[in-house]
Amino acid sequence: MMIYLDNGATTKPHPEVLESFQKVSENYFANPSSIHELGGTVSDLQSEARKQIAQILGVEPEEIVFTSGGTEGNNLAIKGIALEHQNRGKHIITSKVEHPSVYNTCKSLETLGFEVTYLPVNRHGIVDVEDVKQALRDDTVLVSIMHVNNEIGSIQPIEAIADLLIEYPKVFFHIDAVQSLGKVPLDLSHEGIDLATFSGHKINGLKGTGVLYVKKGTTLFPLFHGGGQEFGIRSGTENVAGNVAFAKALRLIKEKEQAKRHELNEIRMKLYEALEQMEGVEMNSPKEGAPHIVHVSVPGFKPEVIIHALYDQGIVISTQSACSSKREEESRVLKACGHDRKRASSGLRITLSYDTTEAEVQTFLQAFERVLNELRKVLE
Amino acid sequence: MIYDHILIRYGELGLKGKNRHLFIDQLHRNLKNVLAPFPDVKVSRARDRMYVVLNGQHPEPVIRACQKVFGIYSMSLAMKVENKEEAIKAGALKALNNAKDAKTFKVNVRRAYKKFPVSSQEMNRLVGAHLLKNTTGISVDVHEPDVEIRIEIRENGTFIYSEVIDGARGLPVGTGGKTLLMLSGGIDSPVAGYLMMKRGVEVEMIHFHSPPFTSERAKQKVLDLTGVLSQYGGPITLNIVPFTKLQQKIFREIPNRYGMTVMRRVMFKIAEKVCERRGILSIATGESLGQVASQTMASMNVINEVTNLPVIRPLVAFDKEEIVNIAKKIGTYEISIRPYEDCCTIFVPSSPVTNPTRKKVNALEAGVDFNEEIEEALRNIEVLEISHAQTQKQPFSDLL
Chain A
45 MMIYLDNGAT TKPHPEVLES FQKVSENYFA NPSSIHELGG TVSDLQSEAR
95 KQIAQILGVE PEEIVFTSGG TEGNNLAIKG IALEHQNRGK HIITSKVEHP
145 SVYNTCKSLE TLGFEVTYLP VNRHGIVDVE DVKQALRDDT VLVSIMHVNN
195 EIGSIQPIEA IADLLIEYPK VFFHIDAVQS LGKVPLDLSH EGIDLATFSG
245 HKINGLKGTG VLYVKKGTTL FPLFHGGGQE FGIRSGTENV AGNVAFAKAL
295 RLIKEKEQAK RHELNEIRMK LYEALEQMEG VEMNSPKEGA PHIVHVSVPG
345 FKPEVIIHAL YDQGIVISTQ SACSSKREEE SRVLKACGHD RKRASSGLRI
395 TLSYDTTEAE VQTFLQAFER VLNELRKVLE
Chain S
93 MIYDHILIRY GELGLKGKNR HLFIDQLHRN LKNVLAPFPD VKVSRARDRM
143 YVVLNGQHPE PVIRACQKVF GIYSMSLAMK VENKEEAIKA GALKALNNAK
193 DAKTFKVNVR RAYKKFPVSS QEMNRLVGAH LLKNTTGISV DVHEPDVEIR
243 IEIRENGTFI YSEVIDGARG LPVGTGGKTL LMLSGGIDSP VAGYLMMKRG
293 VEVEMIHFHS PPFTSERAKQ KVLDLTGVLS QYGGPITLNI VPFTKLQQKI
343 FREIPNRYGM TVMRRVMFKI AEKVCERRGI LSIATGESLG QVASQTMASM
393 NVINEVTNLP VIRPLVAFDK EEIVNIAKKI GTYEISIRPY EDCCTIFVPS
443 SPVTNPTRKK VNALEAGVDF NEEIEEALRN IEVLEISHAQ TQKQPFSDLL
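If you read the sequences in order, they're chains A and S.
Under our numbering, think of the first position of the first sequence as 45, with each following residue one higher.
Under our numbering, think of the first position of the second sequence as 93, with each following residue one higher.
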């Protein structure tokens with residue numbers, strides 16, 4: 045039996061989600077824009093999916109735009125606002141610890157003449173609202189801050205930032221909520237929030253699915269032009285089966301959040317406290333972080349070695365974040381938190397799901413300790 | 093939940109003199125129908141009120157259902173206690189503690205049951221003192237209290253409540269006769285139906301369906317609209333008239349610009365026949381003056397010529413915006429704006445006549461006999477009984 049503790053990278057699709065995807069693909073394959081009966085039925089089905097998502101997120105159906113996932117959602121939100129509103133200003137505020145799909149999107153806009161402020165974070169990876177305020181300028185068009193950090197699980201003060209931004213009605217506020225969906229509540233009805241990105245595969249849904257919340261009245265320059273689907277914001281024949289699968293995954297994860305959030309938090313606390321006690325292990329995640337992410341560094345050890353050693357025992361964890369682990373040696377996020385090179389290049393991320401059991405976590409802890417001891421012997 | 097009753101007040105019903113009991117009986121029936129999905133809930137009647145006894149049912153959905161019943165002026169979630177001073181004090185305290193963020197309060201006692209030994213004034217004072225003594229940080233404000241604790245001492249018990257919730261007002265459906273509503277699928281006609289129901293009128297629907305020029309989905313729209321409206325007055329009979337042959341004949345035989353006028357006349361003829369058959373005394377439409385070509389005064393004059401039944405147009409003086417607002421409020425707007433052709437939009441000529449005359453239209457119709465097709469259409473009417481529950485079935489629930 046594999047113990048999968050890399051749920052921050054992706055989750056295992058729920059069987060019911062797969063079943064929906066398959067049924068829709070088989071029975072409702074028509075193009076929802078076609079005017080014949082089957083097309084109409086497929087269009088209805090997608091509307092129902094959109095309605096269900098909107099209802100669960102507490103927004104209006106017209107505010108839900110289907111996307112292919114987190115990277116697209118973040119790109120669409122950031123580039124969409126930047127390009128659409130550039131005559132009003134070309135300044136963007138984000139943080140140093142954003143996911144690459146936000147960070148590199150902002151970097152790309154710099155090459156097009158935009159100015160970007162990358163806000164610092166504290167030791168726990170958290171942005172200071174006061175810094176946001178100081179960074180705001182007359183030509184600021186967008187603030188993009190993630191809700192839960194994908195690497196270390198810190199929770200940003202979204203509500204306080206949104207409160208602040210109510211005072212700046214010309215500035216759009218985008219939240220990368222990919223890691224928080226189903227784990228940390230987010231009130232999208234907050235007046236200060238304009239855009240929020242969600243992804244399906246982090247919530248036991250499917251890769252290639254996701255939604256972007258776009259508050260009514262917010263206009264975006266599309267990334268894709270074409271047949272005008274998705275309110276003209278995102279052309280392309282709709283991935284109805286994927287969109288329905290997202291609606292289902294969202295419903296299921298919300299049910300689990302209701303029933304098991306407390307329990308997940310408890311399991312994480314036990315994991316956190318056990319790791320805290322281990323020799324040579326440094327905690328990078330704040331104790332009061334998202335209920336599914338624990339990030340540690342074991343300076344002096346190459347993280348790949350630990351990951352491979354654990355994998356041999358059927359336990360899957362990862363380094364920093366899957367999206368950047370292939371490229372960067374040191375974690376940009378850990379460096380932003382003020383950690384030195386040694387610590388920043390020895391990160392390990394353990395990410396849980398609602399299906400993770402306490403027994404699995406105990407097995408991991410024992411294996412982890414064993415692996416560390418053995419490696420120490422080799423090194424000595 | 094501390095409240096176990098919903099107190100129902102009727103508004104205008106009090107004005108109806110001798111017929112009063114007929115109105116109240118109807119309201120009682122309608123209320124019971126609306127609450128049928130809640131098996132534990134009972135409705136009981138007092139002289140000038142009704143009480144919905146919750147018996148453990150959560151009040152939220154019950155209130156929402158009651159808010160759709162015409163004839164109810166207002167409602168309150170209430171708790172029933174014994175006619176004893178101590179019980180009343182304890183109940184009032186619960187009600188105050190239950191009120192969110194209340195910093196100030198006022199007590200308002202009504203003693204309808206005069207045999208209760210303590211006067212209203214005295215009870216006000218006693219209850220107020222009890223509340224002050226047993227709470228902290230809450231004071232009395234008789235002018236603008238955050239919460240008003242109302243206490244009604246009646247023969248069968250004392251009711252304590254603090255909030256008054258608006259009802260739908262109007263008159264109970266079924267007290268105002270019956271009308272046949274011409275339902276197109278657009279925004280206006282469902283609103284007209286709603287307003288008729290609000291005046292106590294029972295509504296039956298007639299819809300003209302022209303396959304393949306109008307799709308099954310246009311028909312579904314009409315079914316869904318009827319379903320929404322049935323929440324306000326119980327199941328609704330829907331007559332679906334096959335209209336294709338007539339429409340084709342009009343298109344062929346009548347100059348294009350007059351097609352709409354003649355089509356409307358034919359629809360009215362059919363509607364009148366349906367009224368006759370079903371014992372209905374009037375026709376209602378969603379027409380509003382000046383919106384489209386068929387709704388000018390001249391058009392109304394010509395179209396109305398074919399029937400001497402009363403044609404009621406509750407929206408005649410409404411602005412589009414007002415109509416849209418009602419449609420949104422009652423839940424028909426989203427259905428109405430679904431983009432499917434209905435029989436009114438599909439044969440619309442590019443420039444319909446806005447100023448037709450009876451003389452001209454009669455001359456145009458003189459050579460054309462629609463009777464045979466009208467008879468055929470009447471023979472083939474599809475009659476459906478639509479209730480809200482039916483149309484509420486979520487079609488894709490297994491996938492979502």
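Derived from the structure by calculation, the hints contain no laboratory data.
Treat the hints with caution; some may be incorrect.
Quick list of in silico lysine-lysine cross-link-like pairs, DSS-like style, CA-CA up to 27 Å [to be verified]:
1) A:Lys-259 <-> A:Lys-314
2) A:Lys-151 <-> A:Lys-56
3) S:Lys-110 <-> A:Lys-95
4) S:Lys-160 <-> S:Lys-172
5) S:Lys-172 <-> S:Lys-186
6) A:Lys-95 <-> S:Lys-311
7) A:Lys-304 <-> A:Lys-151
8) A:Lys-56 <-> A:Lys-134
9) A:Lys-95 <-> S:Lys-225
10) S:Lys-225 <-> S:Lys-176
11) S:Lys-192 <-> S:Lys-172
12) S:Lys-192 <-> A:Lys-260
13) A:Lys-95 <-> A:Lys-304
14) A:Lys-260 <-> S:Lys-421
15) A:Lys-67 <-> A:Lys-251
16) A:Lys-95 <-> A:Lys-300
17) S:Lys-341 <-> A:Lys-260
18) A:Lys-177 <-> A:Lys-259
19) S:Lys-186 <-> S:Lys-341
20) S:Lys-311 <-> S:Lys-341
21) S:Lys-225 <-> A:Lys-259
22) S:Lys-421 <-> A:Lys-259
23) A:Lys-95 <-> S:Lys-420
24) S:Lys-452 <-> S:Lys-412
25) S:Lys-270 <-> S:Lys-225
26) A:Lys-56 <-> A:Lys-214
27) S:Lys-110 <-> S:Lys-160
*Hint by hint, which ones does the structure fall short of?*
1, 2, 3, 7, 8, 9, 12, 17, 19, 21, 24, 25 and 26
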